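Here is what each chain is made of, one letter per residue.
There are 2 protein chains.
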Amino acid sequence: MSEPGTSEQEPSVQGDSPPGRTDEDAGEGTQSSHRMLGFSDALLSIIATVMILPVTHTEISPEQQFDRSMQRLLATRIAVYLMTFLIVTGAWAAHTRLFQVVGKIDDTLALLNLACMMTITFLPYTFSLMVTFPNVALGIFLFCVCVITIGVVQALIVGYAFYFPHLLSPQIQCSAHRALCRRQVLRIILRGPVLCLLAAVFSLFFFPASYLLMASVVFLPYVSKAASWCKDRLMGRTEPTAHPVELITLDLHEPLSKERVEAFSDGVYAIVATLLILDICADSVPDPKAVASDFGGSLLAALGARGPRFLAYFGSFATVGLLWFTHHSLFLHVRKATGAMGLLNALSLAFVGGLPLAYQQTSAFARQPRDELERVRLSCAIIFLASIFQVAIWTAALLREAETLRPAVRFGGPEHTFMLAKLALYPCTSLLAFAATCLLSRFSTFIFHLTQIAVPCGFLLLRLLLRLALAGLRGLRGLRGLARPQRGPLGGADANADMQSPLLPAPC
Amino acid sequence: MSEPGTSEQEPSVQGDSPPGRTDEDAGEGTQSSHRMLGFSDALLSIIATVMILPVTHTEISPEQQFDRSMQRLLATRIAVYLMTFLIVTGAWAAHTRLFQVVGKIDDTLALLNLACMMTITFLPYTFSLMVTFPNVALGIFLFCVCVITIGVVQALIVGYAFYFPHLLSPQIQCSAHRALCRRQVLRIILRGPVLCLLAAVFSLFFFPASYLLMASVVFLPYVSKAASWCKDRLMGRTEPTAHPVELITLDLHEPLSKERVEAFSDGVYAIVATLLILDICADSVPDPKAVASDFGGSLLAALGARGPRFLAYFGSFATVGLLWFTHHSLFLHVRKATGAMGLLNALSLAFVGGLPLAYQQTSAFARQPRDELERVRLSCAIIFLASIFQVAIWTAALLREAETLRPAVRFGGPEHTFMLAKLALYPCTSLLAFAATCLLSRFSTFIFHLTQIAVPCGFLLLRLLLRLALAGLRGLRGLRGLARPQRGPLGGADANADMQSPLLPAPC
Numbered sequence: 001m002s003e004p005g006t007s008e009q010e011p012s013v014q015g016d017s018p019p020g021r022t023d024e025d026a027g028e029g030t031q032s033s034h035r036m037l038g039f040s041d042a043l044l045s046i047i048a049t050v051m052i053l054p055v056t057h058t059e060i061s062p063e064q065q066f067d068r069s070m071q072r073l074l075a076t077r078i079a080v081y082l083m084t085f086l087i088v089t090g091a092w093a094a095h096t097r098l099f100q101v102v103g104k105i106d107d108t109l110a111l112l113n114l115a116c117m118m119t120i121t122f123l124p125y126t127f128s129l130m131v132t133f134p135n136v137a138l139g140i141f142l143f144c145v146c147v148i149t150i151g152v153v154q155a156l157i158v159g160y161a162f163y164f165p166h167l168l169s170p171q172i173q174c175s176a177h178r179a180l181c182r183r184q185v186l187r188i189i190l191r192g193p194v195l196c197l198l199a200a201v202f203s204l205f206f207f208p209a210s211y212l213l214m215a216s217v218v219f220l221p222y223v224s225k226a227a228s229w230c231k232d233r234l235m236g237r238t239e240p241t242a243h244p245v246e247l248i249t250l251d252l253h254e255p256l257s258k259e260r261v262e263a264f265s266d267g268v269y270a271i272v273a274t275l276l277i278l279d280i281c282a283d284s285v286p287d288p289k290a291v292a293s294d295f296g297g298s299l300l301a302a303l304g305a306r307g308p309r310f311l312a313y314f315g316s317f318a319t320v321g322l323l324w325f326t327h328h329s330l331f332l333h334v335r336k337a338t339g340a341m342g343l344l345n346a347l348s349l350a351f352v353g354g355l356p357l358a359y360q361q362t363s364a365f366a367r368q369p370r371d372e373l374e375r376v377r378l379s380c381a382i383i384f385l386a387s388i389f390q391v392a393i394w395t396a397a398l399l400r401e402a403e404t405l406r407p408a409v410r411f412g413g414p415e416h417t418f419m420l421a422k423l424a425l426y427p428c429t430s431l432l433a434f435a436a437t438c439l440l441s442r443f444s445t446f447i448f449h450l451t452q453i454a455v456p457c458g459f460l461l462l463r464l465l466l467r468l469a470l471a472g473l474r475g476l477r478g479l480r481g482l483a484r485p486q487r488g489p490l491g492g493a494d495a496n497a498d499m500q501s502p503l504l505p506a507p508c
Numbered sequence: 001m002s003e004p005g006t007s008e009q010e011p012s013v014q015g016d017s018p019p020g021r022t023d024e025d026a027g028e029g030t031q032s033s034h035r036m037l038g039f040s041d042a043l044l045s046i047i048a049t050v051m052i053l054p055v056t057h058t059e060i061s062p063e064q065q066f067d068r069s070m071q072r073l074l075a076t077r078i079a080v081y082l083m084t085f086l087i088v089t090g091a092w093a094a095h096t097r098l099f100q101v102v103g104k105i106d107d108t109l110a111l112l113n114l115a116c117m118m119t120i121t122f123l124p125y126t127f128s129l130m131v132t133f134p135n136v137a138l139g140i141f142l143f144c145v146c147v148i149t150i151g152v153v154q155a156l157i158v159g160y161a162f163y164f165p166h167l168l169s170p171q172i173q174c175s176a177h178r179a180l181c182r183r184q185v186l187r188i189i190l191r192g193p194v195l196c197l198l199a200a201v202f203s204l205f206f207f208p209a210s211y212l213l214m215a216s217v218v219f220l221p222y223v224s225k226a227a228s229w230c231k232d233r234l235m236g237r238t239e240p241t242a243h244p245v246e247l248i249t250l251d252l253h254e255p256l257s258k259e260r261v262e263a264f265s266d267g268v269y270a271i272v273a274t275l276l277i278l279d280i281c282a283d284s285v286p287d288p289k290a291v292a293s294d295f296g297g298s299l300l301a302a303l304g305a306r307g308p309r310f311l312a313y314f315g316s317f318a319t320v321g322l323l324w325f326t327h328h329s330l331f332l333h334v335r336k337a338t339g340a341m342g343l344l345n346a347l348s349l350a351f352v353g354g355l356p357l358a359y360q361q362t363s364a365f366a367r368q369p370r371d372e373l374e375r376v377r378l379s380c381a382i383i384f385l386a387s388i389f390q391v392a393i394w395t396a397a398l399l400r401e402a403e404t405l406r407p408a409v410r411f412g413g414p415e416h417t418f419m420l421a422k423l424a425l426y427p428c429t430s431l432l433a434f435a436a437t438c439l440l441s442r443f444s445t446f447i448f449h450l451t452q453i454a455v456p457c458g459f460l461l462l463r464l465l466l467r468l469a470l471a472g473l474r475g476l477r478g479l480r481g482l483a484r485p486q487r488g489p490l491g492g493a494d495a496n497a498d499m500q501s502p503l504l505p506a507p508c
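If you're matching them up, the sequences are chains A and B in order. Per my numbering, the very first residue in the first sequence carries number 1; after that it's consecutive. Per my numbering, the very first residue in the second sequence carries number 1; after that it's consecutive.
Please keep in mind that the hints were generated in silico from the structure rather than gathered at the bench. None of the values given here were measured: they were computed from a predicted structure. Among the clues, some could well be false.
Copies of one chain are not kept apart here, so a pair can be met inside one copy or by any two copies together.
Distance condition first, Cα-Cα at most 25 Å in a straight line; then the derived BS3-like pairs of lysine-lysine [stated by the list, open to error]:
1) 258 x 336
2) 336 x 104
3) 104 x 231
4) 258 x 289
5) 336 x 225
6) 336 x 231
Just chain A, with the same shape it has in the complex (with noise of 0.2 Å):
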């Protein structure tokens, strides 16, 4: 029983937290944000994806045609889950910007974090109404209200903060201008809320006011910054204006923290699986009377009935797996995450959320043939977009490569090709299927599980097939290069044909 107070060396533990990470300050009795933070993310990203469900539960029943009304309530309903989408990852990009502002917290700090998150959480409902009731004041008022309310608790946790300074982070807390950051911080903070409380008072009486000041904020950041880019150009200033305080904004090319991109898309990606197990535990599991019934007491029967299904979980649980590994991959190999890579993250992840709709439809087949053909088109519509998003991050961080990407993977690098080659292969592939299902329809099916299972061997056999196709491409361009005349011994000429040619690396 150590007395209060006393100082001790205590052996290094087994289990210990790493060093440099303390949990606790005990004296002032702060503590690491790094738990919190994780458990906002995952909170926020499961908010964001689980908005699918209502269009996954849209009941489509055998009798009824994929006519043109249900295709426009489900197009409908996938729009309000692209923009709830949307606006709960705005609100998380928001948030993360907040942190960089705090860098320990407390008790207090931990509990408005939790206030803070429970009126994230009412977003997606009060959309929801919004846009069930578009002509309702109150609908508009409630999300408003909602919206108002986030931005008064952040503004609390800031001015918390800055009263507590030994919670910032060590830049703002070093810094001479904490006054003016402070003001800059609620400022930014405070525009979306402010716009909404002038869309909730138009509400009362002019919609489509309300309307444009709730799209306003989502415009406004680069509405400014473009302003500014003009302004600049025209006084002919060609570098921006110096800013005494530059460590906070919402500019599309402010970072953000790697850190919790990766754990937010983790969350996205952990509950979109788990949406797929959830489809088949809660409906795939006989009722004894049926089974005693239908198939005469024959489980095996009754399971086998249900086989499409469960070779539809496998494939759109490997197709997660895969498209989770690829962004893995990615990020391993990103120093740091730029605004336009987190907005075009957040892109390819509201895809990766509609894929439990993409299952849903594929393990309807053997119940519903005649729309099969839809159905596989839509499905490699939503790889296909989930995917080519994942290489449009991968082309943001090209074009500033120097800082966004570790040398090993700029254009050029020995590790380039491999990268591009495991982000292409889900795009190419399921533009394949489609082009397949446009020649072969009567086969669609089959081409689309033909590609669920060799999308898995082909990353597992990437390095190699990769390796033949250079193989082949060199042995083309040696072919070329035999018809011309040679204007040095052929590893000579085959060693300048490769440094002038980037795309082809060093042997992986």
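Dock chain B against chain A, hints included.
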């Protein structure tokens, strides 16, 4: 465009991963396992918890009495949920210990881990099947096949890691007994699957043996530990037998990685909080036609009718959030999580997972007023069990406080009483609420909601309340001390009294 292979000094960039945790060792293609393990924890925690949904979706129509058969159905489903939760948590714990062997991962290990995840996600389904059809061989067989497949994939992971020793954790890499270590790890991993293989064989002709074998998978580690303890005692050995390779066991007392326990717990809390909002979003957006017909077009009236659901939601979210908060506070002071703490944590989380059930019950107050009392009591019981197991974790930690806890919270430490107060708040208030409903059964709903509002305020004011309580206690002791002859100055006697009663720590 850097040339391949050139090493250069990269300026430190804001947003970089913290030093000491480089993501990729490009030369060997190995990566830190941190993110993959976080993803696995998120996935498994969600899998474990969503099995509460079939319970909450047990349709209790308003006309039906909450009678014995309904209670029995509910109880059966709750039992299945609890067992599934503990099974998945067991699989997660095995995964944790498996990856204590692996230090770094590469692409192949990441893909193998995805395969492991996919097989684990099938555990709840096969278990539900087995429980629904207890006398059908196929049910037992499929469950055992699932466990065997998990074992095989994990054995592949171990084999792969030992085949490429640079992937192993540093302790094992440098160990002289690597082959012995591998044999022991494989023996532990395959112990359960081998027993399930036997169970699968027995299921074809003799069920009880199958169930017995499967139960032994759970109890075998405890039985073997008890047996070796008895053997040591009989042979007069007071120290446990020294074993050259004690790096990995499934011993109850071996530590789990604290980070993974926190990540798994965060996943459970996050999904539970989300399940609550999901119920709201799914059912509580009024249908425009219904609003027009039932409420005369007034959205406000339609929402007002759902008022109790929102109230119940806020209360339940506050409960989940504050239970997370106490868990977070507790683990801040934990240095090492023992196996016993891990088991108690799993039990606490299992009951946290039952909170959506409590929410669903309490939100039905308005519709089914006659069952209010049972519903409130059920909710109080669930909250009590969830929080009392947190106290149990704390107690288990105190039993080995030199290893498990930081000095500040050990018995007699300055933060000890405050931590105890935090942990005791929920058990006490839920017990009080339960007792109050026995005395004032007519006001049970009011009592319940009052409690849900009072507790957050209690947390915010806890330090203040504790100081008042301790001052009160000291005042009482002072009064008693005045009645006895004093031994020294009042301050000295007080100081002595304080040191003799570690329950009165230094003012917090």
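Consistency of the hints with the structure:
Taking the closest pair of Cα atoms, residue 258 and residue 336 come within 25 Å of each other only inside a single copy of the chain (6 Å); across copies the shortest separation is 28 Å, beyond that limit. Taking identical chains as interchangeable, the C-alpha atoms of residue 336 and residue 104 lie at most 25 Å apart whether they share a chain (22 Å) or sit on different chains (22 Å). Proximity of residue 104 and residue 231 under a CA criterion of 25 Å is satisfied in neither setting, with 38 Å inside one chain copy and 51 Å between copies. Taking CA atoms no more than 25 Å apart as the test, residue 258 paired with residue 289 passes in neither setting, with 52 Å inside one copy and 46 Å between copies.
Taking CA atoms no more than 25 Å apart as the test, residue 336 paired with residue 225 passes inside one copy only; the shortest distance there is 21 Å, against 49 Å between copies. Taking CA atoms no more than 25 Å apart as the test, residue 336 paired with residue 231 passes in neither setting, with 29 Å inside one copy and 57 Å between copies.
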